[in-house]
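> Given next are the chains, with one letter for each unit.
There are 2 protein chains.
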Amino acid sequence: MGSLDRKLAPVDLSHHINLKSRSRHPSPLKDIIKFMGYDGMISLAGGLPHPSLFPIENAQFDCLPPPSQKTRDGEVVNLHLGRGPSAGDLDLTQFLQYGSGAGNRQLVQLATDLTERVHAPPCQYECLLHPGNTNAWSKVVGLLCEDNDFVVVEEFTYPSAQALWIPMGIKAAPVSADAEGILATSLRDTLENWDEKARGGKRPKLLYLVSVGSNPTGITISARRRKEIYAVCVEFDLVIVEDDPYYFLQYPRYSQEEQQPFQAEPPEQFLKSLVPSFLSMDTQGRVIRLESFSKTLFPGLRLGYFVANPVFTERLLRVTEVETQDPAGLSQAFTIALFKQWGIDGYLAWLQNLQYQYKTRRNWLLSAFHDQFEVLPAAKSPVPTAQGYVACLRDKSGKLRPVFSFVDPEAGMFVWSKFYFDGVPRFVELESQSLEDPEQAFSQELWEAMAAELVLLTPGSYYHAWQGPDKVSTKARGADPRSAYFRFSFATPTKEQIHEAVKRVRTVLDRLWEVAARDITAT
Amino acid sequence: MGSLDRKLAPVDLSHHINLKSRSRHPSPLKDIIKFMGYDGMISLAGGLPHPSLFPIENAQFDCLPPPSQKTRDGEVVNLHLGRGPSAGDLDLTQFLQYGSGAGNRQLVQLATDLTERVHAPPCQYECLLHPGNTNAWSKVVGLLCEDNDFVVVEEFTYPSAQALWIPMGIKAAPVSADAEGILATSLRDTLENWDEKARGGKRPKLLYLVSVGSNPTGITISARRRKEIYAVCVEFDLVIVEDDPYYFLQYPRYSQEEQQPFQAEPPEQFLKSLVPSFLSMDTQGRVIRLESFSKTLFPGLRLGYFVANPVFTERLLRVTEVETQDPAGLSQAFTIALFKQWGIDGYLAWLQNLQYQYKTRRNWLLSAFHDQFEVLPAAKSPVPTAQGYVACLRDKSGKLRPVFSFVDPEAGMFVWSKFYFDGVPRFVELESQSLEDPEQAFSQELWEAMAAELVLLTPGSYYHAWQGPDKVSTKARGADPRSAYFRFSFATPTKEQIHEAVKRVRTVLDRLWEVAARDITAT
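Quick note, the sequences are listed as chains A and B, same order. Its first residue numbered 51, the first sequence is counted upward by one per residue in our numbering. Its first residue numbered 51, the second sequence is counted upward by one per residue in our numbering.
Calculated from the structure, these hints are not laboratory results. No residue lacks a Cβ here, since even glycine has one placed at the ideal position from N, Cα and C. Some clues are possibly wrong.
Derived contacts from chain B toward chain A, CB cut-off under 8 angstroms, selection only [unchecked claim]:
(1) S77
(2) I92
(3) D112
(4) T184
(5) L324
(6) K345
(7) Q375
(8) A378
(9) V505
(10) V522
Please work from the sequences and hints to get the whole structure.
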């Protein structure tokens, strides 16, 4: 299931596998399977239902072609999956029957081909199917973590990923980031100065990253920063989990110029434009990459794959056998049939169109910011910010007041913003009361005021790295005072909705920040 | 998601939920969802990819009709799933997008309708979708078990179910069975006399059963026995997990008479012929039923549902959100479309055909036994057996020698058999050596001799309840000496293959048991 030729052998990382995972045994039934292939053998040993009794005969899917194969507008391609000997190697029957846990051989080969084409990992690896990155992460935590461990994450991290491990008593060891991603120096500091006693747990050995278009921050870790982070992980023997659903949704920075119509580049040029993955620079086998088709085909597919050191995939296969078995058969069949039709080149052209669509949506949101606020680059910001840009309003005296800073995301579906509460009357009032967390209290009021104005953002508090119940408030987390974060998603609304939504945000801010409600675009 | 009217309220069973499961919090994003429905609201809060960018436009499945709807041979019905407003309530888009974890509302309703129709549970319950019983059991163990617990199981149990929990240090507390299922008296004894110190763990609070057509034993627990077992579970506060993939594959006992051609009965008559489930007699909410479409539609679907006390399904939903999310969308869409076409009555007719097909296959195997051996009912057996029937060979002096006893299964896909080694020369030889487990050693040789004769059975040792590393040998387990078990599966081979396979088994037995190889059918 992998590509083992001419690759570096991984270093020994078996000590990362936890006690429970180490004690899993392969099913003894596997021993029988090799006998089943003998000439003339009659097996009364299997337990599979009879495939003639599955009620489905044919499956057909009408699909969009990738841009490179488009001939006429609205034309669809038809994928047909039939049963029986005439169906060849795409015989639907195999996808209706139980699988072995390892997934369909052709799909694993496809995963391997894609991995070689996109990442060309220097180290030996295997691909193993899984039913989506949510489940994949759950299996990785089951593989590597013990109760009460620490996991290194970004300061703002994907909430479902930590909701999984919080009940295990696991805590986050957060590392702060700038526009290029988490700081390798901070990571190194955290690890080097780890005090087991003060922390109440062992030095972390696992780094979890959504390294491209991070949810929520939108940050994509730069190539240079990746090298620095990888070196720290080698020094302190960390395993890197690269959860990367947005890898192919990388796009250039926002510019106010007229957008060019979509034009697919040659596949190799497209691939060269993408930041190199951690997997592509992993010379030791310490990167576990979680690949998903959820953001590139569709989420309901519930299909993806691990790319990892065989010492990890072998254990992940053991847990797959008892926790999930193969991903759903129709999902596997659809995906293989689609790739047979599209080819990998067609898929890479499809991805470029996706990239273009999400870039367009990002542009809608940022141009709405420019319409409603005066936007300054960080260098010219009246407040220090690592966030790229600052959206300002002018107060009655004409003075620029920074309202929020934001990241211009180069990937993904989100714009992360930091709101500044300094001098905001209601916040000042809350701060004068002896509340435990005036920032959180005002954030909540601000969110409610926006909801009353019929616009919903996601509160930044959902994404705080979980450091335990004693480190929840702004102060206890050591976060910047007089500020809080919100996430804007641009994936689903229309251009008009996005502009209207930002206008409503401004209405609320005008009122709460007590600045003059005048048309900035007219200045 | 359930049917709460006119039902008994469950007793409080929340103390069964383990510490980790209790500490799971619902995603804070859920709080936002209710705001999304407001008139005129624009949400920049969601994180869903844009559905116009999913490449699939239509899905079509050609399906077999249920026997009740058959008009012409070979006719298929076409299920069509399209996208957009004209697609109505089966709009494919919803199945391509992320779900909420709770599954599609229509499918949950279907699960509820099926549950009412088949089981009419007396107590309040909810249905929650899952991606197959393997995953469902993994979630139930995650809900109820702590490390180093004990779980009550049948003496011979489904190996993947225990492979899941063995790494947690969990052990089986096995209960022996007769032809009507596990003995309620033995269950009571085990629980009443539980010695925490001697056992090294707390009294079990969980009973796991494949209660119809058990894998491997083929036993279906009788209605009378179920009532006795349920009463013991109430007395000792046990939760019953009813893993029941073979429920609809119940059929009458074997008879040597000519088989009647298939004829579907009216649905209510069919349902009345089935043994009542534990769920149907659960007046307290202590049954968690695992339902699967794997054996009734097809395994690759990876779709089933829990039927359980809402106090359990609420926690199971929490873990679904972080461990698997919704089952695969195409599987959900296919299943709803199929039921819309077939109706529940059509499904019940389909099941009767399945039942007939597996009964026919069971008959092929048992008639092959009758062809190759002299088969006596247990009452006339030369050896005491709880197994129903004994297959005998005559030795050179013409004396009947019992070779193996077997269950005539009334459900499922397997015949469970116990082989008697008394007086078998090679076994006597092995017994005279001071081996730790001569039974296991001879079993292995017997299996290899059959494999060399080109017939594969599954060794019974795969199904031994796991009581720890010190209780593996025949003696340490307290199992009957001079015997061992094998499982025959009749699900996949043809009639000719089954007859040939049993003939090969006999060839091996003739040789190893040193009986005359003469044609018994001719006597």
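> Against this structure, judge whether each hint is valid.
Cross-check of the supplied hints:
1. S77: holds, 7 angstroms
2. I92: holds, 4 angstroms
3. D112: holds, 4 angstroms
4. T184: holds, 5 angstroms
5. L324: At about 18 angstroms, which exceeds the 8 angstroms cut-off, the nearest Cβ of chain A leaves the hint on B/L324 violated.
6. K345: This hint holds: B/K345 lies near chain A, its Cβ roughly 6 angstroms from the closest one there, short of 8 angstroms.
7. Q375: Given a least distance of 5 angstroms, the restraint on B/Q375 holds.
8. A378: Given a least distance of 3 angstroms, the restraint on B/A378 holds.
9. V505: holds, 5 angstroms
10. V522: violated, 13 angstroms
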